[in-house]
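**Student:** Between the sequences and the hints, there should be enough to build the whole structure, so can you do that?
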Amino acid sequence: MRLIPHAQGTELELKAGKIKSGSLTVQVFEAKAPKEEYLKGLDEDLVKNAAKDLLVGSMTSAKINGNWE
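Numbering (my numbering), first residue to last: 1 to 69.
I should point out that these hints are in silico values taken from the structure, not numbers from a laboratory. Since the model is a prediction, treat every value here as computed from it, not as a measurement. Glycine included, C-beta positions come from ideal geometry on N, C-alpha and C. Check each hint, because a few of them may be wrong.
What the hints assert, rightly or not - The calculated label-pair distances, taken between Cβ atoms and stated as ranges, are:
hint : residue 1 : residue 2 : range
1    : Ala50     : Pro5      : 19 to 27 Å
2    : Gly9      : Glu44     : 28 to 36 Å
3    : Lys18     : Asp45     : 37 to 45 Å
4    : Ser23     : Ala50     : 40 to 48 Å
5    : Ala50     : Lys18     : 28 to 36 Å
6    : Ser21     : Asn49     : 21 to 29 Å
7    : Lys18     : Val47     : 27 to 35 Å
**Tutor:** Set out below in structure tokens:
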């Protein structure tokens, strides 16, 4: 799935790479849906002040956490 649902064909921002973690080289990734895209058409103040970009993974540490609910 590379498209953000209900965002008129806007693609997720995808990144992949490698980082050093101790003595290991670890593959990492990050997938992000900017709040302006997945909340398009909703109250602009809410989008600006309350919402966050949806994110899974990290390009700076070996984790696959996300911030979705």
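**Student:** Take the C-beta atom of Ala50 and the C-beta atom of Pro5, compute their distance, and say whether it sits inside 19 to 27 Å.
**Tutor:** Since the Cβ atoms of Ala50 and Pro5 sit about 20 Å apart, the hinted range of 19 to 27 Å holds.
**Student:** Given the range 40 to 48 Å, decide if the beta-carbon distance of Ser23 to Ala50 lies inside it.
**Tutor:** holds (42 Å)
**Student:** For Lys18 and Asp45, compare the CB-CB distance with the range 37 to 45 Å and indicate the outcome.
**Tutor:** About 40 Å separates the Cβ atoms of Lys18 and Asp45, which means 37 to 45 Å holds.
**Student:** Lying within 21 to 29 Å: is that true of the beta-carbon distance Ser21 to Asn49?
**Tutor:** violated (35 Å)
**Student:** Is 27 to 35 Å respected by the C-beta to C-beta distance linking Lys18 and Val47?
**Tutor:** holds (34 Å)
**Student:** Does the Cβ-Cβ separation between Gly9 and Glu44 fall within 28 to 36 Å?
**Tutor:** violated (22 Å)
**Student:** Between Ala50 and Lys18, does the C-beta distance stay in 28 to 36 Å?
**Tutor:** Since Ala50 and Lys18 have Cβ atoms about 35 Å apart, the given range 28 to 36 Å holds.
Violated hints, in rising order: 2 and 6; the structure is consistent with all others.
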